[in-house]
Amino acid sequence: MAWGLLKYGFSRRYPARRDIPPTPDLKPSYDVVIIGGGGHGLATAYYLARDHGIRRVCVLEKGYLAGGNTARNTAVIRSNYITPESVRFYKESVELYDGLSAELGFNLLYSQRGQLTLAHSDATLRTFRQRAEVGRFCGTRIEMVDRKQIRELVPGLNLEMKRYPIQGGLWHPDGGTGRHDAVAWGYAARAAELGVEIHQRTEVIGLSVDNGRVTAVHTDRGMTQGGQVVQAVAGMSSQVAALARIRLPIRSFPLQAMVTQPLKPFLDPLVSSAGLHAYVSQTARGELVIGGGSDPYPLYATRSTLDLKESLIGHTLELFPFLAEVRLLRQWAGITDMTPDYSPILGASPLKNYWLDAGWGTWGFKATPVAGKRLAEAVATGKLPAILEPFRLERFRSFDLVNEMGATAASH
Amino acid sequence: MKILRCPLNGPRNISEFACFGEVVEMPEPAETGDDAWADHVWNDNNTAGVVREWWCHLPSSTWFIAERDTVTDKILRSYPASEVYGERRDFKAGTPPT
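Top line first, the protein sequences correspond to chains A and B. Mapping the first sequence onto our numbering, position 220 (from 1) lands on 220, and the numbers just tick up by one. Mapping the second sequence onto our numbering, position 84 (from 1) lands on 84, and the numbers just tick up by one.
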């Protein structure tokens, strides 16, 4: 084995693969400066370079790539929302995800295995009917299912729970999961090949604003300028926007999730219950990922609380009572930037050359490709694509909100 | 279990309370334009640090103010709203400017 290490490990014929080059020095100016090296910022950089030939782009990341909320979500990809605006938007994202591993040459472990959402009341069944009709109208795969079909889809599910018997479900074959940090790394690797500079461990500490434009971006590694500046910093959106003196309709809450020890594969689709505030999926390794609603009060700490774990586990055990003896392996929290209408804020800001990719509550990861692609289009052409029109910041001035009640945790 | 002290009921589990956001001055509606009003209705400081907030103890419907650090999750103080709002405030009648 030692001989093999010497033969291959130190041979020039077998160089170590390097996905992105080491961080270069900051140049005095770029065509586009992107603040935030998560999935969204890197996707925006990639599409700017690939689709619009804008390659003098730099991505500034205060920590390491995908170390923020990109790797803290529960990796769910779906488009079964309730408003046509959202369904069209997330549908485009699901379609982009479908071919993304091949396009990026990077295994995203994309697995389209369907999502089942459960109704425990007549009221929920009514909204499911609406979601199914809206989804079908927009061209997604979605249908109502009865208890018999639910039993076939998820044989181990307890339909007879005492207080909340399952009455029906919403079956969304387009739903699935992907490896979240791989999405960011895939975009980073291909963007870097096209000439995008990625600056890790580079924190933005100030923005100079003059005459309605951002004139300088100050970092802890020096100052730079961007013809256009994009912020994509989920979890810190209000703070970074405040550097540009922009106020946002966002309140930040932690969302706690956890993973069990690996079990034999028994759960094909993703299972979610709005009434129980819990959702469960099984990873390729066999671990169960369990997530629920956001914490009850705003906070920037990703600490763990026993209260939330207890209620989340209690609800999960109502769905799958046989998990009672299973151990948790780990838990974590991400910061969700909740907006009043459970929809993102995408597009122009009050400043002429400053663009927003913000307001990512529980819907950020699944929107990564579409947000990156369409925001890149907006930045490159100066014109907001129609698909982003409903999500502009301006809607909060004209009281023209989206009211997306199909979002996870849309229950505050 | 996290404890919040209600000025009326003493220390209680924080699950008995609801947070109603930062204490901000409501602008005078009769003198406030559309943009400033929309800013008041929707935008939020979303402070990372010490913040002064409205809280309500739900079982007793007791409203009060608490100071809390949103980065460390420490509650610093809680006190009756009368400490901040000593007297009644009436808003002017009339149509707001457009």
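Careful, some of the hints might be misleading.
[Claimed, not checked] Straight-line distance between alpha carbons at most 27 Å, and here's what the computed DSS-like set of lysine-lysine pairs gives:
hint, chain 1, residue 1, chain 2, residue 2
1, B, Lys2, A, Lys148
2, B, Lys92, A, Lys309
3, B, Lys92, B, Lys2
4, A, Lys352, A, Lys383
5, A, Lys264, A, Lys148
6, A, Lys309, A, Lys162
[What the hints assert, rightly or not] Here are some chain B residues the structure puts well away from chain A; computed CB gaps all over 10 Å:
hint, residue
7, Gly21
8, Asp35
9, Ala38
10, Ala48
11, Trp63
12, Arg77
[Unchecked claim] A short list of chain A residues far from chain B (calculated; beta carbon distances all over 10 Å):
hint, residue
13, Leu299
14, Thr305
15, Lys352
Rather than coming from a laboratory, the hints here were simulated on the basis of the structure. Heads up, the beta-carbon is just placed ideally off N, CA and C, and yes, glycines get one too.
Hint by hint, here is what the structure shows:
Note on Lys2 of chain B and Lys148 of chain A: the hinted pairing is violated, with a Cα-Cα distance of about 43 Å set against a maximum of 27 Å. For a cut-off of 27 Å, the pair hint linking Lys92 of chain B to Lys309 of chain A is broken: about 48 Å separates their Cα positions. Proposed proximity of Lys92 of chain B and Lys2 of chain B is contradicted: the alpha carbons are some 41 Å apart, above 27 Å. With a CA separation close to 12 Å, the supplied pair Lys352 of chain A and Lys383 of chain A stays within the 27 Å bound.
Taking the CA atoms of Lys264 of chain A and Lys148 of chain A, the gap is near 24 Å; set against the 27 Å cutoff, the hint holds. Taken as a hint, the Lys309 of chain A and Lys162 of chain A pair is honoured in the structure, with Cα atoms around 21 Å apart against an allowance of 27 Å. The beta carbon of Gly21 of chain B is not kept farther than 10 Å from every beta carbon of chain A, the shortest such distance being approximately 7 Å. Distance check on Asp35 of chain B: its Cβ comes as close as 6 Å (rounded) to a Cβ of chain A, failing to clear the 10 Å threshold; non-interface status is violated.
Not every C-beta of chain A lies more than 10 Å from that of Ala38 of chain B, the closest at about 5 Å, which undercuts listing it as non-interface. Not every CB of chain A lies more than 10 Å from the CB of Ala48 of chain B, the least distance being 5 Å, so the non-interface label is violated. For Trp63 of chain B, the shortest C-beta to C-beta distance to chain A comes to about 15 Å, beyond the 10 Å cut-off, and the non-interface label holds. Consistency note on Arg77 of chain B: stated as away from chain A, and its beta-carbon is indeed over 10 Å from all of that chain's, at 16 Å minimum.
With a minimum CB-CB distance of about 5 Å to chain B, Leu299 of chain A fails to clear the 10 Å threshold, and the non-interface call is violated. A beta-carbon of chain B comes within 10 Å of the beta-carbon of Thr305 of chain A; the shortest separation is about 7 Å. Every CB of chain B lies more than 10 Å from the CB of Lys352 of chain A, the least distance being 18 Å, so the non-interface label holds.
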